[in-house]
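Novice: End of the sequence shown = 410 in my numbering, gap-free, step of one.
In case anyone wonders, no lab produced these hints; they're calculated from the structure.
A portion of the hints provided could be inaccurate.
[As the list claims (entries may be wrong)] Straight-line alpha carbon distances no greater than 25 angstroms define the calculated BS3-like cross-link-like pairs of lysine-lysine that follow: (1) K267 to K324; (2) K327 to K267; (3) K104 to K369; (4) K353 to K236; (5) K384 to K353; (6) K297 to K267; (7) K46 to K384; (8) K267 to K236; (9) K324 to K297; (10) K297 to K351; (11) K324 to K351; (12) K236 to K351; (13) K236 to K384; (14) K236 to K297; (15) K351 to K384; (16) K353 to K267.
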Amino acid sequence: MATTTTTIQEAPDFNPSLRPSSSRPYSYKEAFIPALTTQCHASNLLQLPNGDLLCAWFGGSIEGRPDICIYMSRLLAGQGVWTDAVKMTHDHTRSEQNPVLFRNPSNGEVRLLYTSQNAGNQDSAIVKQLISADGGVNWSDPTVLFSDAGTFIRQPIVVLQDRSWVVPIFKCRAEPGTRWLGSDDISCIRISKDEGKTWTEREIPNSFGCVHMNIQRLKNGTYLGLYRSRWADRVYLSTSPDGLDWTEPKPTILPNPNAGICFDLLPSGRVVLVYNHSSKEDAIGRRDGLYDDISDGTDTRANQATKHGKEAFWGAPRAPLCVGWSDDDGATWKWKALEEGDGYCLTNDSEKQRNRELSYPSILAEKSGIIHVAFTFWRQRIKYVQLREDFFQ
18 MATTTTTIQE APDFNPSLRP SSSRPYSYKE AFIPALTTQC HASNLLQLPN GDLLCAWFGG
78 SIEGRPDICI YMSRLLAGQG VWTDAVKMTH DHTRSEQNPV LFRNPSNGEV RLLYTSQNAG
138 NQDSAIVKQL ISADGGVNWS DPTVLFSDAG TFIRQPIVVL QDRSWVVPIF KCRAEPGTRW
198 LGSDDISCIR ISKDEGKTWT EREIPNSFGC VHMNIQRLKN GTYLGLYRSR WADRVYLSTS
258 PDGLDWTEPK PTILPNPNAG ICFDLLPSGR VVLVYNHSSK EDAIGRRDGL YDDISDGTDT
318 RANQATKHGK EAFWGAPRAP LCVGWSDDDG ATWKWKALEE GDGYCLTNDS EKQRNRELSY
378 PSILAEKSGI IHVAFTFWRQ RIKYVQLRED FFQ
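Please build the complete structure, drawing on both the sequences and the hints.
Specialist: Next comes the structure, spelled out in structure tokens:
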């Protein structure tokens, strides 16, 4: 449960070296990825065939400002220290956010996809990409992947059984003359049968308020999709026989505070989700909107009508950060806390260090049983933790 205090808490030692924790009753190592900026948020992990681990995130002063760019660090295989952050994007006219990494299995190219928007207006976002042919050492110049305004991403491309690429997107929509708030966002998938040269689109049925769609192929060959909720109520779930035709998202028992989620499958087929075990029921306050910290004084959000009988909720605590797991493809869940805190997020202001969210996880599970997790720590750093399956005991 969140508390009302907004005083600055003492930050931990932001050590980039991977080290064990004596206070954890399970196998656990942690490190804080080096940063070049005041704010760090929305990390995404990718493991390369040589064992190197890449982590991308966005950083700058405050989300939505034009100094927000994409950064990257690497944990070399067999090493225990994250490399210094490298600035990946350089367009200082737009806020560039939500990086996702993908490796093309046919030729080994690594792609870095990210959003690019005007200030805090997510309905102005387009999607850009960089491409690397040498495992993320050297990169192409940016190109526009999706040019239609309001297109947002958070989760990586999925390769289906027929080798089609599917990238989950969500559309940030607002009525003319009003500012985007999130109450009319929907999820879609974009499909490419030529490795990203051309794309078609399918809308997820009745997905209003369900965003950040994360797709994984289950052990039985079908596909599972999990979603963040703009309503700050529950994690939502839908299924597909082929990764293309999806059922309507339905709420699970797991809460969601309108914050990012991420899941993967263990070698056993167990579904493992990292998420915030909180919702609007835990909120002590509410923000008028996500970007009040950079409002230009012309905000017309109050004129935006409630959509679909509901309204997007911002300000629910983004903590604790928990790991949930399901052994029946998402029908039932167990969970355990990974990182505790009050999750105060009634401000995005990292300059005054008031935000204490533990949020926006990325998870990768190796066949060896090692589980990699990265997440936002107080918007000041990206924290990386390494778990093994004894976590679930």
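Novice: Hint by hint, say whether it matches the structure.
Specialist: Checked hints:
| no. | hint | result |
| --- | --- | --- |
| 1 | K267 to K324 | holds (18 angstroms) |
| 2 | K327 to K267 | holds (15 angstroms) |
| 3 | K104 to K369 | holds (23 angstroms) |
| 4 | K353 to K236 | holds (23 angstroms) |
| 5 | K384 to K353 | holds (22 angstroms) |
| 6 | K297 to K267 | holds (18 angstroms) |
| 7 | K46 to K384 | holds (18 angstroms) |
| 8 | K267 to K236 | holds (21 angstroms) |
| 9 | K324 to K297 | holds (18 angstroms) |
| 10 | K297 to K351 | holds (21 angstroms) |
| 11 | K324 to K351 | violated (33 angstroms) |
| 12 | K236 to K351 | holds (19 angstroms) |
| 13 | K236 to K384 | holds (14 angstroms) |
| 14 | K236 to K297 | violated (34 angstroms) |
| 15 | K351 to K384 | holds (22 angstroms) |
| 16 | K353 to K267 | holds (23 angstroms) |
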